[in-house]
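Protein sequence lines correspond, in order, to chains B and C. Counting from 1, position 30 in the first sequence corresponds to residue 60 in our numbering; the numbering is continuous, with no gaps. Counting from 1, position 27 in the second sequence corresponds to residue 31 in our numbering; the numbering is continuous, with no gaps.
Worth flagging that the hints you see were computed from the coordinates, not collected in a lab. Just so you know, even glycine gets a beta-carbon here, dropped at the ideal spot from N, CA and C. The reader is advised that the hints may include incorrect statements.
[As the list claims (entries may be wrong)] Calculated cross-link-like contacts (lysine to aspartate or glutamate; reagent style EDC-like; alpha-carbon spacing at most 16 Å):
(1) C/Lys129 - B/Glu73
(2) C/Lys129 - B/Asp71
(3) B/Lys148 - C/Glu25
[As the list claims (entries may be wrong)] These stretches of chain C come out as covered by chain B in the derived footprint (C-beta under 8 Å, 3 or more residues):
(4) 25-35
(5) 96-109
(6) 116-129
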Amino acid sequence: MAIIAARIDGRLVHGQVANLWTTKLGPTRIIVVDDAAAKSDVEKGGLRMATPDGVRLSVLDTERAAKQILDHRYDSQKVFLVAKRPETYLALVKAGVPIKEINVGNMSQTDETRSITKSINVVDADVETFEELDSLGVHLVAQMVPGDPAADFMSLLKKDRRSEQ
Amino acid sequence: MSKLVLISHGDFSAALKASAEMIMGPQADIATVGLQPNEGPEDFRTKFEAAIAGESKVTVLADLKGGTPSNVAAAVLAQGGDFDLYAGANLPMVISYLNAQMLGAAPDLLRDGQAGVVYVNDIVKH
Chain B
31 MAIIAARIDG RLVHGQVANL WTTKLGPTRI IVVDDAAAKS DVEKGGLRMA TPDGVRLSVL
91 DTERAAKQIL DHRYDSQKVF LVAKRPETYL ALVKAGVPIK EINVGNMSQT DETRSITKSI
151 NVVDADVETF EELDSLGVHL VAQMVPGDPA ADFMSLLKKD RRSEQ
Chain C
5 MSKLVLISHG DFSAALKASA EMIMGPQADI ATVGLQPNEG PEDFRTKFEA AIAGESKVTV
65 LADLKGGTPS NVAAAVLAQG GDFDLYAGAN LPMVISYLNA QMLGAAPDLL RDGQAGVVYV
125 NDIVKH
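Just chain B, same shape as in the assembly (with noise of 0.2 Å):
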């Protein structure tokens, strides 16, 4: 079983991961990978709170989550992986962490980003992460709340290219 669900949210464990998300798929843990959170107290106690009562939370750095997804530690749970950014994932999966489905959720508006839906916000080299993720045979969808439909990633960011052009 393992890994159920993998999400990129730039706000971690929050209203929507923990209240939504985590009600629809059910995990019994799930495994944040985040270098600086896994460095910080301070992060790691603000996301124990905001776990819901029995799931489980781990917070790991990259490296860690791979060895300890390879290792078969969590084969017998359902884990639910949630990162800030597409980069993690690409390291994640290039380690050779099976991961065929990723949800982008939320990243945030800087000066820098470009809008591709309200909620998800790019610069080039994160179109560059999506596009190896992608050829790499990771399906990315967009999809904010279960009862919408789960657009395809990949088609929203041809989308922009080409009204950029």
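We have chain B; now place chain C onto it with these hints.
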């Protein structure tokens, strides 16, 4: 079809719906009724009865026990109204309701509403 009706003093109920939608996505089956400063209980009752009319399974969350919205709804209930009425509405209750709808389960609004009220310092400072 099940319907959730949020009732409040002023615009709390409309904002509560908007905040829930920010987390849970758009919700077609939530109605809101706000008692405005220039309105009396009779005005509110008219709007409330319109909001629940023709619905078969209605859950009502009022903002404050003892306040006019809750009192009016309680009077409608006492006179044979067919709905579940809770007072002390909070966002955890709305989320609990919506999650139960999604899963086809019965929500425990009292439990989830109370479980969402915590003294965060006790958690942060262990």
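_Hint by hint, where does the structure go against what was stated? Just the numbers, ascending._
none
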